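Student: Here the protein sequences line up with chains A, B and C, keeping their order. The numbers in this note's numbering rise by one with no breaks, and the one at position 181 of the first sequence is 181. The numbers in this note's numbering rise by one with no breaks, and the one at position 13 of the second sequence is 13. The numbers in this note's numbering rise by one with no breaks, and the one at position 49 of the third sequence is 49.
To be clear about the criterion: a stretch of chain B counts as covered by chain C if any three or more of its residues have a C-beta under 8 Å from a C-beta of chain C, and this derived list gives those stretches:
id: 1; stretch: 154–162
id: 2; stretch: 166–176
Label-pair distances were calculated between CB atoms; the ranges are:
id: 3; chain 1: B; residue 1: Arg86; chain 2: A; residue 2: Asp5; range: 39 to 49 Å
id: 4; chain 1: B; residue 1: Arg25; chain 2: A; residue 2: Arg106; range: 54 to 64 Å
id: 5; chain 1: C; residue 1: Glu92; chain 2: A; residue 2: Phe274; range: 34 to 44 Å
id: 6; chain 1: B; residue 1: Arg212; chain 2: A; residue 2: Phe111; range: 46 to 56 Å
id: 7; chain 1: B; residue 1: Arg86; chain 2: A; residue 2: Ala118; range: 29 to 39 Å
id: 8; chain 1: A; residue 1: Gly78; chain 2: C; residue 2: Glu92; range: 51 to 61 Å
id: 9; chain 1: B; residue 1: Gln57; chain 2: A; residue 2: Leu296; range: 27 to 37 Å
id: 10; chain 1: A; residue 1: Asp137; chain 2: B; residue 2: Gln90; range: 42 to 52 Å
id: 11; chain 1: B; residue 1: Val14; chain 2: A; residue 2: Gly244; range: 33 to 43 Å
No lab work stands behind these hints, which were simulated from the structure alone. As the structure is a prediction and not an experimental result, all values here were calculated from the model. For every residue, glycine included, the Cβ atom is placed at its ideal position computed from N, Cα and C.
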Amino acid sequence: MKPLDRTVRRLGIALVALLAISPLLPDWALFLVTVSLAKGLVALGLVLLMRTGLVSFGQGLYYALGAYTAGMAPRFFGAQDALFMVLAGTASAAMVCAVLGLLIARYRAIFFAMLSLAFSMILYGLLVKSPALGSTDGFNAGAQTVAGLPLTGMVARYALYVLALLCAFASAALLHRYLASHLGRLTPAVRDNELRVEYMGASVRNVVHLNLVLASALAGAGGAIAALAVGHVDPETAYWTTSGEFVFVAILSGTGNVAAPFVGAVLLELLRNFAYAHAPNTWQLVVGGVMLLVILFLPEGLWSLFRRRRPGTA
Amino acid sequence: MLNVAGIDVSIQSVRILRDVSLSVRKGQLAGLIGRNGAGKTTLMRTIVGALAPGRGQIELDGRPLSGVPSHARTRMGIGYMPEDRRIVPQLTVEENVLLPAWAAGEDRRERLARIYALIPEVAALKDRKGLQLSGGQQKLTALARALMCGTKLLLLDEPFEGVAPVLAQRLAEVVALLRDEGLAVMLSESDLSHSRRLLDVVFRIDRGEVTRAAEERGP
Amino acid sequence: MAAILETTDLTKTFGAVTAAAGISVAIGEDTVVGLIGGNGAGKTTFVNLVTGYLEPTLGTVRFAGTDITGLTPRRITRMGICRSFQIPQVFESLSTRDNLLVGLGIVSLARRSFARSTVVPGRTPEDAADEMLTRFHLEKWRDAVASVLPEGIRKLLDIAMALAVKPRILLLDEPTSGVSADEKFELMDLVLGAVRADRVTVLFVEHDMEIVRRYTQRVLAFYEGRVIADGVPADVFDHPEVRRYVVGGGAVVPARERSC
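Can you build the whole structure from these sequences, using the hints too?
Tutor: This is the structure:
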């Protein structure tokens with residue numbers, strides 16, 4: 001059994017710390033962190049795609065699939081358990097991507113971006129047109145139990161927070177291990193030189209397809225958790241601006257580390273709340289301004305503040 | 001014509017060139033000889049303006065080049081042939097060669113005819129698209145393009161590398177002819193075999209430092 | 001001796017341009033063959049056709065008796081034919097060691113689909129990578145990112161990556177171009193030394209005739225997509241058409257002047 005590497009250890013420490021301080025946090029803070037982590041999951045998937053050399057403007061598709069699956073679980077599966085809902089949301093997103101990926105994995109750059117956008121907007125259109133799903137109003141979502149425990153009292157206060165934390169930790173740690181493996185090393189290789197990868201006997205399309213499915217699963221999980229935390233599901237989750245927000249988080253945090261998207265998501269939520277509280281009519285200006293500053297001065301994302309520069313040889 | 005005085009150049013805080021000084025007169029063919037990684041390409045890119053020196057001066061025909069952007073340096077008469085050719089794949093050979101003329105808004109068809117006369121191999125390819133060219137053919141096109149701009153100074157980065165011996169000899173003759181007509185030429189190579197007989201002066205570059213070997217030219 | 005590589009009437013046209021015109025050659029196992037020719041003569045096209053990068057307009061390619069015409073580079077690599085590139089194709093953002101590990105990792109993941117394998121059971125890809133670093137004198141560049149490597153080292157890395165698979169046929173496209181004179185021999189000695197023990201057939205495209213003369217047992221000279229001469233180096237260099245279109249002038253191939 002390999003010893004836990006530095007990143008996984010640090011993630012573990014962060015997990016324990018966040019769990020430990022939770023009794024001290026007010027409700028709004030727990031909620032903010034939960035929703036941020038859910039969005040961070042989507043951004044983590046985007047970071048994986050960016051490391052493969054692709055930018056998706058349509059992760060909202062899977063985010064919405066995760067949210068709607070979780071919300072419809074009582075109706076379609078007779079299920080009331082939050083853990084089941086998250087798993088179902090993850091699975092439904094991944095299954096749809098497994099099929100769509102057969103087409104999308106053939107494209108790159110602007111064509112890839114446009115295709116991903118297109119599919120998410122197709123779902124948006126379908127959701128808006130379905131009165132059974134509440135069309136633009138959506139419907140309320142919620143769970144009664146989590147992993148068997150009834151969602152009341154103390155459990156209710158912490159359950160989703162803990163669930164979000166565990167999902168974030170597990171995703172970050174597993175993705176880190178994946179990227180460090182032989183299969184995972186093909187991800188930056190594909191981004192750098194697809195021709196060479198083929199000439200070494202590996203299939204570029206298979207690597208891209210796999211990463212698309214992994215990113216979609218993360219987005220589905222994030223969508224399900226966010227839906228349960230907010231208590232509501234609506235088609236906006238599939239809209240292109242939602243997808244754009246995830247891209248923004250990925251750029252803000254940078255692709256340097258698996259923990260970065262979560263930090264970026266929390267910071268963005270804090271920034272947005274702060275801007276809205278202090279400049280309710282111009283908060284978008286504030287957020288846009290910050291984005292501009294980050295791109296100008298920290299083009300590799302906030303995480304580059306922590307990274308030491310990699311030396312070449314003399 | 002070209003005067004480089006005491007320049008330092010770093011890339012990503014790694015010092016590539018140290019206190020480099022050299023000069024090439026009109027009608028002189030200079031060789032910049034050194035191993036890979038010694039700094040030949042870096043020096044040429046600095047003269048052309050793709051990199052800025054940390055200190056020191058570069059002058060062309062008496063005019064200082066600091067602050068002058070790359071495209072303006074080209075219009076001043078510097079022709080540059082990069083080691084990796086950089087041919088535009090969607091354009092034909094003729095279009096690639098004429099690119100500098102279009103950029104300058106000048107009609108240089110006479111010059112084109114002259115270039116075709118000097119290097120008939122390029123004339124034979126003129127309607128071929130860039131992406132259909134072999135590596136060596138791209139090199140020829142890059143050379144022709146450099147000749148389009150190079151009215152005063154020619155910078156050729158490894159012009160004979162990747163080129164069949166027959167053609168390398170021909171190119172060496174072309175370069176010598178241009179030198180005889182008054183152009184200042186500097187070419188870089190990792191060894192002297194192709195150009196020994198032609199060079200008027202040899203600069204050796206090693207780990208970013210340049211020393212001038214004795215004047216070489218001989219019949 | 002059965003041919004390990006055999007092309008029959010191999011032809012490739014791009015509209016009006018004929019890059020390869022009916023090339024028929026049979027290459028035996030365990031030989032080193034030089035491919036020479038002027039620019040645009042068809043040498044790289046030949047390599048591209050054999051390795052599956054291009055699909056022939058006409059003709060076939062057989063590898064150890066099996067028809068591989070039209071197969072993808074991925075399949076052909078797994079069957080045991082590898083190549084290096086005129087402009088080194090490496091993974092710019094990865095370290096030298098990681099570049100090697102990409103190939104070695106692929107082999108260890110899909111071992112059964114690869115004809116031979118550098119990674120034998122019991123030896124990890126990491127060990128194989130370290131051993132290759134040592135064998136190719138790349139230890140000092142081990143952790144350097146590929147984008148900072150000098151040209152000669154990148155060329156060497158490109159070739160080393162092609163060897164991760166332990167091919168039966170290795171095709172090198174201008175292995176010494178861009179490499180300084182005093183490093184050329186070292187590179188060729190290193191590469192050929194690394195493959196000789198495994199009886200690998202090596203074909204390399206070269207413009208440096210001294211390298212060709214010194215390392216090959218057979219030379220194919222190309223001109224306008226055809227093979228105009230085929231034989232031992234001395235004979236091919238003396239061939240009148242080869243003199244005219246490739247090596248030049250009446251004199252024998254000039255002796256190398258080394259820079260010091």
